[in-house]
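J.: Here the structure of chain A is known, so what remains is to put chains B and C in place on it, guided by the hints.
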Amino acid sequence: MADGSIGTPAIGASVRRREDYRFLTGQGTYTDDINRPGQVYAYILRSPHANARIGGIDTSAAASSPGVVAVFTGKDLEADGIGGLPCGWLINSKDGSPMAEPPHPVLVTDRVRHVGDHIAVVIAETLGQARDAAERIDIDYAVEPAVVDSVAALRPGAPLVWEQAPGNVCYDWHLGDSAAVETAIGKAARVVKLDLVNNRLVPNAMEPRAAIGEFNRATGEYTLYTTSQNPHVIRLLMGAFVLHIPEARLRVVAPDVGGGFGSKIYHYAEEAIVTWAAAKVRRPIKWTADRSESFMSDAHGRDHVTHVELALDADAKFLALKVSTLANMGAYLSTFSTCIPTYLYGTLLAGTYTTPAIYVETKAVFTNTVPVDAYRGAGRPEATFLLERIVDLAADELGIDPAELRRRNFIARDAFPYQTPVALQYDSGDYQTTLDMAMEAAGYAGFEARRREAAGRGKLRGIGIATYIEACGIAPSAVVGSLGARAGLFESAAVRVHPTGSVSILTGSHSHGQGHETTFAQLVSDHLGIPIDSIEIVHGDTAKIPYGMGTYGSRSLAVGGSAIIKAMDKVIAKGRKIAAHLLEAAEADIEFKDGEFTVAGTDRSKSLGEVALTAYVPHNFPHDELEPGLDETAFYDPKNFTFPSGAHIAEIEIDPDTGHLTVLNFTASDDFGRIVNPMIVAGQVHGGLAQGIGQALLEGCVYDTETGQLLTGSYNDYAMPRAADFPNFVLSTHVTLCTHNPLGVKGCGEAGAIGAPAAIANAIVDALKHLGVRHVEMPATPERLWRTIQEHQTRAAAD
Amino acid sequence: MEMKGERRIPAPRQLVWERLNDPETLKGCIPGCESIEKISDTEFTAKVVARVGPVKASFSGKVTLSDLDPPSGYTISGEGTGGVAGFAKGSATVALEEDGAETVLRYGAQGQVGGKLAQIGSRLIDATARKMADEFFTRFVGAMSPESATGS
Amino acid sequence: MQKTVSLTVNGKPATATVEGRTLLVQLLRENLGLTGTHVGCDTSQCGACVVHVDGEAIKACTLLAVQAEGRNVLTIEGVADGDTLHPMQEAFRNNHALQCGFCTPGMVMSALDLVKNNPKPTEKEVREYLEGNLCRCTGYHNIVLAIIEGATVMRGETPPVAPHGPAHGVAAE
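Chains as they are written, first to last, in our numbering: chain A, 1 to 799; chain B, 1001 to 1152; chain C, 2001 to 2173.
Okay, chain A solo, but in the shape it has when bound:
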């Protein structure tokens, strides 16, 4: 990793994780591991119907059941003036009108809109008692027809999810130059067209969501322990918009969190329920989802139906891209749902290519399903999937090698900064190099021999390339604000140097598996020249951290890390003044290196620890110039997105008799900018690849189209990837530095999930194209593959 290093052991070293000891010995503290004195348990009664009017709710039998402390319904919340869950991003339609923004009640009162919609909460001494009592709540449902898929929801006469959204349309958004695209298509030598689906996924972090609400009457303070990727965002949303609790009286703690992948960004009803009800019953209340509840209440991901057209000239240069997408929003607008199929999707459609004209339109559609929001990659996997599929299809139609077609259309490495036709300006990248590296590692040149060898065994072998670009380091506040975001997306950090020289870093980023306690400590060790062991990383508690926007969009290092650097620079600047005073030298002559403030050109120096001690025991201190203490806070607002990129290559083999597919080889060559801990980065890529390959081959959320019932509601039916589904992954990295953050880092958390689905899909089509197969939808299960093969063989035989 020499090329990712800046010359110190801390940065670029695979430091083993400091957090591992507690997890490996069972001493992690996840929300459900916490028990508060006097705690009672909440059970949420959920709708078994996808669409039903509620005639009445009779809770009397439940309320008098053994152990029951209270039963609350939406009417009780209404009576307290409790608001609905807010949506964090306003999208305007083509005509300038704002999106339809129906209410999102904490507990419904008059209608349920998806299976799993929350109706009532039972609070009891034990969870068993709460669940038993919930059985005794009598609800008068008038069941009505439901609609679960976005195409059906737009048909005339489809069941209407919201009166406020005629035709079930939330918004009809677009981006790009439609006229230029139509002109280019008119003049093109060839236009390649494809319809495809990006399958709906259930995030399935292994730790189910949980929340504990607590109210202290003596101080008037509320505390919420919750499985969140961003506790401050929850405090803001729940405090200001839902429960009307001043932030100063609301503490949100996100302790160890067992994975998120986006699904734990959002403010969920259960958080508001336990917090509000804790004040009602004056007892701490714990709620923990069982996996069945997670399936029907965690925000889902993806679910796009798309038509794409790519126009090429006679030299196979891309002239224009036209994309039309239906995005399923579910029944309610989850916190960041609206920006995913728009600004995190349409803006990525240039990909790694020089396509001069792009037009994208997205119609967001309400259905009787669980809300859809960001899931690892969030919009960018969808963009990459359609782009890399249409590029491969074009290569096939033109008889050009897919790698060659990409080479002809890549943005050149010397073309940066590069302005795309869809708003983004890429700062750096080198797409050809990562593709070359991946092709070399994957043995791309020798593939045809392997295909023939497999054919000799009766197997269909295919190889598939996908390149990707993502916009990470989310996000410049002014830019996203102009696009409708109702939040800023900076990050904060405080660097607290203690009197004897150890350091606490308070970061607004949140770690739920990413290893911040290690990576951030490496940054600090490098920058302040102190051992990792004397650095403490504090996160996940609004009572400790100044502020924070949390972790998503591969932003922790690029934005959170930059805030830490900025705060450390403030510490160094103040330390330099103190050292100048102690050393009786001019401030300008003080250099800081390896933890020592030195008078330039001399051996006179003071360590950071000595300076810190002086700052806290300021007997000999420049009081006229400085305040005591060595504790600095910084907020970093990124100047641009970061643009990680790379190339993924999948090699697969299909048994035509059974449709069984084996992933033989998966190669990923990525450019994440500077790499702080290669071991952790590799782990992030592995996990992303597994989710991406899972989407391509295994995972798909299925609703019954007539009744709206969730049919993949457990691990019986939702195919989670297992160890035997994967080969060992082959990874490499190439570094082009991000030009606008102090570390030169780009982010690595989502890359695997973005590139992998298209690489797998392209490999499958490559294996089957001799049968006339142009596209295979995801998940490409053995059944789907077998049917595809059978249909095409039958057709071929008939011809």
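There may be inaccurate statements among the hints.
Stated by the list, open to error - Only some residues are given here: those of chain B computed to face chain A with a beta carbon under 10 Å:
| hint | residue |
| --- | --- |
| 1 | G1053 |
| 2 | F1087 |
| 3 | Q1119 |
Hints were generated in silico from the structure; no laboratory data involved.
For every residue, glycine included, the Cβ atom is placed at its ideal position computed from N, Cα and C.
T.: Relative to the frame of chain A, chains B and C by itself:
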């Protein structure tokens, strides 16, 4: 989910018809039926314990007889809620045809489940419903066998 | 109906009063405060709750607490030797075989069971053995490497250098 079946019952059609309208007979034939109470000639309330894969639930609900065409047949419909397990509903159209001293019973049934039952047990619903329908008519035929028919 | 269960957990006697429907995993977590054993699903598929009962790996959600009467249970809390990690735990750390840590206790308990029955597992055998343990973070890649390394150390052999290079001398917290 839809099912069809046919049974030959060694009893005259009139008797078969009467038994199909008799709560006690129905109670004995509906698998897992704990109680059944007659509200009117065509309406009953029932409590049924059913198991679908890993989910076991006690359903309370209503059984309704409609399209009555004595003694040729009717439609029997049931709808029950199983608390947090969700709900189940189904109906069967039953046709009785005389064949000498015996009766041929034909049925076409359909069912639907929702909530946790659908979520956890969706793959098992068809098999479970088929088994329950099968068991119902097997028991019914058993209840109509000569010794049983004369003995009650 | 309340019942009293007496069993041995991590070498120490334990007694708890539970309902008939209480599962072993609930007894461990709620009654004994051993929260290292996790619950990740409700259909006995995720493997986050794997413990050893009388030396055999078992999903603690598949056993009623009362069925554990008189039996010997080992949980993740009982695997390390004081502050010294078990070689399998050390191998997980050395190979970055955990991220969020939620599936980790079950993974380690399953890994120990595998190595007990198959001291020298191949990569394929490890992957197949892990059928009952789900991980959403790691893509399993490093878990497989860790189990092979852990097995090597448990056989008394010297493992090859981890793919991420030698561990840097950072003490555990």
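J.: All hints are to be evaluated individually against the structure, with a verdict given for each.
T.: Structure-based check of each hint:
Restraint check, G1053(B) versus chain A: the minimum CB separation of about 8 Å is within 10 Å; hint holds. With its C-beta approaching chain A no nearer than about 5 Å, F1087(B) sits inside the 10 Å limit, and its interface hint holds. Here the hint on Q1119(B) is kept, as its CB sits about 3 Å from the closest CB of chain A, short of 10 Å.
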